[in-house]
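Line by line, the protein sequences are chains A and B.
Each residue of the first sequence is one higher than the one before, starting from 1 at the first, in our numbering.
Each residue of the second sequence is one higher than the one before, starting from 1 at the first, in our numbering.
Simulated from the structure, these hints should not be mistaken for lab results.
Beta carbons: idealized from backbone N, C-alpha and C, even for Gly.
Incorrect hints may appear among the rest.
[Claimed, not checked] To spell it out: a stretch of chain A is covered by chain B in this simulated footprint if at least three of its residues, at any positions, have a beta carbon under 8 Å from a beta carbon of chain B; those stretches are:
id, stretch
1, 236-246
2, 272-279
3, 319-328
4, 331-343
5, 380-394
6, 397-407
[What the hints assert, rightly or not] Interface residues of chain A toward chain B, partial, derived using beta-carbon atoms under 7 Å:
id, residue
7, Leu-352
8, Thr-414
9, Val-428
10, Ser-471
11, Arg-475
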Amino acid sequence: MSARTRELFGLLPVSLLVAAGFAAVISTRGQDVSDATLTYGAFFLGLCVVAHLFIRARLPNADPYMFPLASVLAGIGLVLIYRIDPELAREQAQWFVFGLALFCITILLVEDHHVLERYRYTIAAASIALLMMPRLPGIGAPVNGAYLAIKLGPIQFQPAEFAKLGIIIFLASYLRETGDILVRPRLRPLPYQRQLILWGVPALLTLLGIAVLDLGAAGSVLLAVFLFSFAAVVRDRPSPKHFGPLLLVWGLAMLMLIVIRDLGSSLMFFGGFLTLLWVATARLSLIGVGATMFFGGAFYLSQTVAHVKERVDIWLDPFAKGVVNDEGYQLAQSLFAQADGGLFGQGFGQALLNVPGGGSILPAAHTDLIYAVLANEAGLFGAAGLIGVYLLFVYRGLRTALSAADGFSKLLATGLTAVLAIQVFVIVGGVTRVIPLTGVTLPFVSYGGSSIVANMVLLALLLIVSDHARSEARRRGGLV
Amino acid sequence: MNRQIVQLFGLFTLLFGVLVIFTSRWTVLEANSLADNPDNRRPLIEEQRIPRGLIFASDGRTVLARNRAHGRGQDRTYTRTYPTGGTFAHPVGFSYIRNGRRGLELSRNDELVGKRDEFQSILAGLESARKEGNDVVTNLDVRGTEAARAALAGRKGAVVAIEPKTGKVRVMVSEPEYDPNLIPSQIGQLNADRENQPLLNRTTQELYPPGSTFKVVTATAALDSGAIKPETIIDGSSPKTISGVPLENAGGEDFGQISITDALTNSVNTVWAQVGERIGRDTLVEYMRRFGFYEDPKLDYPSFQMIPSGVLNGEGEFVDDGFDVGRVAIGQGGLEGEVRAAPLQMAEVAAAVANGGRLMKPQLTDRIVQKDGRVKERIQPDLQSVVMKPETAQQLAAMMSRVVEEGTGTAAALAGITVAGKTGTAEVGANREFTQPWFICFAPVENPRMAVAVTVERTQGQGGTVAAPIAKAVLEALLGGGGG
Numbered sequence: 001m002s003a004r005t006r007e008l009f010g011l012l013p014v015s016l017l018v019a020a021g022f023a024a025v026i027s028t029r030g031q032d033v034s035d036a037t038l039t040y041g042a043f044f045l046g047l048c049v050v051a052h053l054f055i056r057a058r059l060p061n062a063d064p065y066m067f068p069l070a071s072v073l074a075g076i077g078l079v080l081i082y083r084i085d086p087e088l089a090r091e092q093a094q095w096f097v098f099g100l101a102l103f104c105i106t107i108l109l110v111e112d113h114h115v116l117e118r119y120r121y122t123i124a125a126a127s128i129a130l131l132m133m134p135r136l137p138g139i140g141a142p143v144n145g146a147y148l149a150i151k152l153g154p155i156q157f158q159p160a161e162f163a164k165l166g167i168i169i170f171l172a173s174y175l176r177e178t179g180d181i182l183v184r185p186r187l188r189p190l191p192y193q194r195q196l197i198l199w200g201v202p203a204l205l206t207l208l209g210i211a212v213l214d215l216g217a218a219g220s221v222l223l224a225v226f227l228f229s230f231a232a233v234v235r236d237r238p239s240p241k242h243f244g245p246l247l248l249v250w251g252l253a254m255l256m257l258i259v260i261r262d263l264g265s266s267l268m269f270f271g272g273f274l275t276l277l278w279v280a281t282a283r284l285s286l287i288g289v290g291a292t293m294f295f296g297g298a299f300y301l302s303q304t305v306a307h308v309k310e311r312v313d314i315w316l317d318p319f320a321k322g323v324v325n326d327e328g329y330q331l332a333q334s335l336f337a338q339a340d341g342g343l344f345g346q347g348f349g350q351a352l353l354n355v356p357g358g359g360s361i362l363p364a365a366h367t368d369l370i371y372a373v374l375a376n377e378a379g380l381f382g383a384a385g386l387i388g389v390y391l392l393f394v395y396r397g398l399r400t401a402l403s404a405a406d407g408f409s410k411l412l413a414t415g416l417t418a419v420l421a422i423q424v425f426v427i428v429g430g431v432t433r434v435i436p437l438t439g440v441t442l443p444f445v446s447y448g449g450s451s452i453v454a455n456m457v458l459l460a461l462l463l464i465v466s467d468h469a470r471s472e473a474r475r476r477g478g479l480v
Numbered sequence: 001m002n003r004q005i006v007q008l009f010g011l012f013t014l015l016f017g018v019l020v021i022f023t024s025r026w027t028v029l030e031a032n033s034l035a036d037n038p039d040n041r042r043p044l045i046e047e048q049r050i051p052r053g054l055i056f057a058s059d060g061r062t063v064l065a066r067n068r069a070h071g072r073g074q075d076r077t078y079t080r081t082y083p084t085g086g087t088f089a090h091p092v093g094f095s096y097i098r099n100g101r102r103g104l105e106l107s108r109n110d111e112l113v114g115k116r117d118e119f120q121s122i123l124a125g126l127e128s129a130r131k132e133g134n135d136v137v138t139n140l141d142v143r144g145t146e147a148a149r150a151a152l153a154g155r156k157g158a159v160v161a162i163e164p165k166t167g168k169v170r171v172m173v174s175e176p177e178y179d180p181n182l183i184p185s186q187i188g189q190l191n192a193d194r195e196n197q198p199l200l201n202r203t204t205q206e207l208y209p210p211g212s213t214f215k216v217v218t219a220t221a222a223l224d225s226g227a228i229k230p231e232t233i234i235d236g237s238s239p240k241t242i243s244g245v246p247l248e249n250a251g252g253e254d255f256g257q258i259s260i261t262d263a264l265t266n267s268v269n270t271v272w273a274q275v276g277e278r279i280g281r282d283t284l285v286e287y288m289r290r291f292g293f294y295e296d297p298k299l300d301y302p303s304f305q306m307i308p309s310g311v312l313n314g315e316g317e318f319v320d321d322g323f324d325v326g327r328v329a330i331g332q333g334g335l336e337g338e339v340r341a342a343p344l345q346m347a348e349v350a351a352a353v354a355n356g357g358r359l360m361k362p363q364l365t366d367r368i369v370q371k372d373g374r375v376k377e378r379i380q381p382d383l384q385s386v387v388m389k390p391e392t393a394q395q396l397a398a399m400m401s402r403v404v405e406e407g408t409g410t411a412a413a414l415a416g417i418t419v420a421g422k423t424g425t426a427e428v429g430a431n432r433e434f435t436q437p438w439f440i441c442f443a444p445v446e447n448p449r450m451a452v453a454v455t456v457e458r459t460q461g462q463g464g465t466v467a468a469p470i471a472k473a474v475l476e477a478l479l480g481g482g483g484g
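Between the sequences and the hints, there should be enough to build the whole structure, so can you do that?
Laid out in structure tokens, this is it:
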């Protein structure tokens, strides 16, 4: 069976799932399960088949699982949003169509992803500009204290969703080139006197830091990791001039914390950066320096920027008196909703969303808290199933990276996959109180035009890389 | 690069695993504590959307609590109405989102909202059925309850009737009552009414000095422990020094040498105080505990609406030693300890004697019925404790019969049915200007079907003249006439 036929068969259970989901929601609404659900299912299947035919024509060798997996996610999202508000679901469906269009356009325009390398500085500059846009007067406005969206007339738009693609493209290209020369490991071990100095200095500084500065346990560990990692980087003879752009990326992440005031998106960007750095250099010391600089900066900002501090405080105790019904209301309600779900959930369409007499009990149910709605309706099993789908998607994405022939393709596929995985971790982790809750979307599932369109472009890029890799492999006579 | 990519996949698997672990933490492991969090409004809103089960009187037809629906479709909610108004207000209680729950509405809440366990939830999820409550059929008797209210005739007081063999509570009346339908609009006023305290269930939440009805407890302890026999002769002259202080009989009457049986018939204080001193505090307290004193009644009723009976000192603390046992034995006491009892407790005393010494747990609920009419659960009679030997109970029954035949309780006599009882009259008020009349009884003596306790709050008159006629009216209603 060809890859494309496998993809087509993969779409069948997807549309059945979507039709069943709509049927459940509509039946609990007390309406007849009329042809409407079949129509929804058929419409969704139709759209997917069109996209499938397009892939068949343009990327015949691309990975056959990624598109059906993304469709499952989008389908679950549509059912959940429909259950929350049918009007929103209609809008989301339009965005889905628009996203599919952009998906096809991307595939048409970017015949070979290597052309992106040519424009990497343009892309990087454009991405940074996009990120700053929400702070521009007139079009930007804060939502819950974070500057994530801009308004152009009737259309609201989250530039960070697109900027993440640009930054990944830039980093993949830049690290492909400099990954090998960022550090030049010595071939012979250092003489033992110099080793003593190399490791003695950070040890001394750590002790000094702990003694002089009043650091907590976390702070001390952070300092120690930073200093030893830094010493390890020094040992490997770093090339300072190539670090410039990377420091810029760190500065950008910090700036995002200040400018956008959103811990989540900045974690997403910086996490993507660190994974690419790791894959490109395999130097744990670099990750150590980068991660400690990020967490150190984030910690400092969480103490000084009121909005970030508040988020952290809520995370530490959402049920505190005076918090639970105020700024901590969203997280507390998220946890209450999950508790209501139990092992198997209340059933699709059964969960409590509205307070009698109007008003929603879950703030931002269709965006930030959509995972909590799923846990409420489908229980632990449904929620774990969703995480499973994401894990499969990540698996196929990294598989693509493994099979790619050149460094840029590998880094691009890894970066795109990683940024999506980290985004899932950031929002689901926020909703489940693993980390502070921030306002990023759940890829493909959450309501939001920018989110679904940007992620369709991400999917298109992954499929392009995959098609190249698999065509290459096929030419060489073996299929991965 | 490939090695790092594989490691990266491991890292993401780990991170996603953390997400699943935390999701299990909230959905399963800590779900119960989250559901009980007072800031979690979900259970309240959720229950508003469930049609609660109905509550019925013992006939299975008279509706004591039903629902009124509001809105339609997904937003349909229900509120409670109580067709019988205040008649069953104390045992049934109420249930409102803003005002919380009382009575059976609280103690049987799980059944009334049809609470399901996890497995049932799965099945219900497959059927996609909406939650529905189960009906509760109580043991409360409509005729008996109405007779008790009519006989109290607006006086503050309490009436409890229990089936001795089963523990079924057939009557629980506390006056004044309140209209549960008015709770949402008037709970503030009802709470503020210190004078009448209409929300107070006087059968379980209020303690009164039991007066001479407590001599039944003393007699049980004395006879069952073998300290005395019904024929034992004791000096009933008045006054008599008890704990260094002279004690008089009612009206200063001097009975001379008198048998225990006669001393109960005529409620001779000096005799029973001496009996109390003869058995001692430990024995008395031991028998009180067997009757259920010193702990909440074992009733299917909210614990915050029940308080234990027992001996209380001047600070209102329960004591089981150091008190004037002679005066406690006759239902009084002093600063070191005074006996106080709730009407339900005194009904349990009568019921235990009636049932051959075996005290059954009092129960308001008869059965839980599903919406399709199937009986989900039938509450079985449950032994609470064996208070005394059957012979002791027989002796007591005979002695108590005399009280009604020829003693202080003749006003409770029923034509054609033998009644055994004991009167009590405690003096209350700052200057002892009021009385607290009591009557506890059971009937028929040969095969007891009902035990009753009656008391009236801060009034004038004796147990035999005030309380006994009320008990008689209730017995007539419950035992199906008897002609008189």
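- Message: Run through the hints listed earlier and report the numbers of any the structure violates, in increasing order.
- Response: 1, 10, 11
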